[in-house]
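Turn these sequences into a full structure, and let the hints steer you where they fit.
Respectively, the protein sequence lines represent chains A, B, C and D.
With the numbering used here, letter number 25 in the first sequence gets 34, and the count goes up by one each step, no holes.
With the numbering used here, letter number 20 in the second sequence gets 29, and the count goes up by one each step, no holes.
With the numbering used here, letter number 82 in the third sequence gets 598, and the count goes up by one each step, no holes.
With the numbering used here, letter number 125 in the fourth sequence gets 641, and the count goes up by one each step, no holes.
Hint data in this document are derived by calculation from the structure and do not stem from the laboratory.
Some clues are possibly wrong.
[To be verified] Under 7 Å between C-beta atoms, here's a sample of chain B residues computed to sit facing chain C:
1. Tyr16
2. Ala18
3. Ser28
4. Gln68
The structure displayed is predicted, hence computed values, not measured ones.
No residue lacks a Cβ here, since even glycine has one placed at the ideal position from N, Cα and C.
The lines below spell out each chain.
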Amino acid sequence: MKLDIRYFAWLRERVGTASEQIETEAATVADLIAELRARDEGYAYAFSDTGSIRAAIDQDLVEMDAPLDGAREVAFFPPMTGG
Amino acid sequence: MKLDIRYFAWLRERVGTASEQIETEAATVADLIAELRARDEGYAYAFSDTGSIRAAIDQDLVEMDAPLDGAREVAFFPPMTGG
Amino acid sequence: MSEPVRVQTAPFDMGAELNAFAASVTGAGAVVSFSGITRDIATGDLEVMEIEHFPGMTEKALAAIRAQAMERFNLADAMILHRYGPLKPADPIMMVATAARHRGDAFAGAEFLMDYLKSRAPFWKKEVTASGAAWVEARPEDEDALARWTRRG
Amino acid sequence: MSEPVRVQTAPFDMGAELNAFAASVTGAGAVVSFSGITRDIATGDLEVMEIEHFPGMTEKALAAIRAQAMERFNLADAMILHRYGPLKPADPIMMVATAARHRGDAFAGAEFLMDYLKSRAPFWKKEVTASGAAWVEARPEDEDALARWTRRG
Numbered sequence: 010m011k012l013d014i015r016y017f018a019w020l021r022e023r024v025g026t027a028s029e030q031i032e033t034e035a036a037t038v039a040d041l042i043a044e045l046r047a048r049d050e051g052y053a054y055a056f057s058d059t060g061s062i063r064a065a066i067d068q069d070l071v072e073m074d075a076p077l078d079g080a081r082e083v084a085f086f087p088p089m090t091g092g
Numbered sequence: 010m011k012l013d014i015r016y017f018a019w020l021r022e023r024v025g026t027a028s029e030q031i032e033t034e035a036a037t038v039a040d041l042i043a044e045l046r047a048r049d050e051g052y053a054y055a056f057s058d059t060g061s062i063r064a065a066i067d068q069d070l071v072e073m074d075a076p077l078d079g080a081r082e083v084a085f086f087p088p089m090t091g092g
Numbered sequence: 517m518s519e520p521v522r523v524q525t526a527p528f529d530m531g532a533e534l535n536a537f538a539a540s541v542t543g544a545g546a547v548v549s550f551s552g553i554t555r556d557i558a559t560g561d562l563e564v565m566e567i568e569h570f571p572g573m574t575e576k577a578l579a580a581i582r583a584q585a586m587e588r589f590n591l592a593d594a595m596i597l598h599r600y601g602p603l604k605p606a607d608p609i610m611m612v613a614t615a616a617r618h619r620g621d622a623f624a625g626a627e628f629l630m631d632y633l634k635s636r637a638p639f640w641k642k643e644v645t646a647s648g649a650a651w652v653e654a655r656p657e658d659e660d661a662l663a664r665w666t667r668r669g
Numbered sequence: 517m518s519e520p521v522r523v524q525t526a527p528f529d530m531g532a533e534l535n536a537f538a539a540s541v542t543g544a545g546a547v548v549s550f551s552g553i554t555r556d557i558a559t560g561d562l563e564v565m566e567i568e569h570f571p572g573m574t575e576k577a578l579a580a581i582r583a584q585a586m587e588r589f590n591l592a593d594a595m596i597l598h599r600y601g602p603l604k605p606a607d608p609i610m611m612v613a614t615a616a617r618h619r620g621d622a623f624a625g626a627e628f629l630m631d632y633l634k635s636r637a638p639f640w641k642k643e644v645t646a647s648g649a650a651w652v653e654a655r656p657e658d659e660d661a662l663a664r665w666t667r668r669g
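Encoded structure:
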């Protein structure tokens, strides 16, 4: 399936791009992270501490075991620091 | 001893005056209330529900058993409703 | 900076007060304000809300409550403004504002100020309608609200 | 009335916002506001605070948080305003305001908005000094602050 991936804050800086489109068969967010981490050293570094990574599917915050079924966009970012 | 007595809100309205000077030998605020209550029907009515009366000695909130020793002014009023 | 404790008959502009308060504070990232506005009553015919107070004791009580809040919640600053005399429905009655490094302290400080002010500062409200006047009764919830601060002591 | 949820780069006047919010509310005697102000950092040389956000998701998250707070605390109204882009020290960053019949609800509603907004709305702060830039780390206390709302359920 085709997925738009977006990165924010230091995750964006470490990955080196704000967004990309990928082709994946990953079943869950965690599977997708494992796939991205395996790509190269930059991604491995960006996703090294999964405890510090939050994900949203189609703009809704989700847990790491959330299924990607039906998703169009997945966003990854560090814990939020608004307010 | 001479004491200035002040009344506020409905206590003032029921007693019929905002302040008066009295001569008393009452030892505590509660004693003073008993003395005032014995005066006439107006005072008896004003002080009928002691649970609804608060007192201040020289502008500091006090309990009913507070001694009047050294007091110059005693104020009586209903529970506060500021804010 | 304006006086941190004010008791006055004059109306006030809560927005202007908030701006003046925030501008006078340095190094505090969190500013909380509470404003109390004269509500109409259930019968919908409030003409005037009269607020009586005990001049002298009021200022003293508010200053003491403010000092307690400043110390207890590590506030960078705090202000209390309360009107007395006749107020109309929708008139601002009073306002408190707190500033602190962390938002939890600013919120707790403002709530503490309000809880103490409600039941420990000598103000009394009287509602005047076409059919007469009635003193506002103290709410037991306001005493309960106070109790939590001593419990946490 | 102005939009109850706004995400913008433009500065705002917290006093004017508070006044506009309070004026638009009827029948609520209690108005609480929280304003967040850019604090300088420990080293004292903050030049710019950059706030990044996730356009689209931010508005959606804030609207959802507001709706939750409105219902849970019986609010008459609530507003959230948050800036993004480059901010200078002492610039107001964001503001929430709540109105309710009782002060406890107005306070709780505003704290709830802040706690959710801090950790659940997609904003990220970066501090820029002469010596470089660093992303602000999330504070564990902010997650703890959230937990109390689920406990009270």
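How the hints compare with the structure:
1. Tyr16: violated (10 Å)
2. Ala18: holds (4 Å)
3. Ser28: violated (11 Å)
4. Gln68: Hint on glutamine 68 (chain B): holds, closest Cβ of chain C at ~4 Å, below 7 Å.
Going down the numbered hints, you'll see the structure goes against 1, 3, while the others check out.
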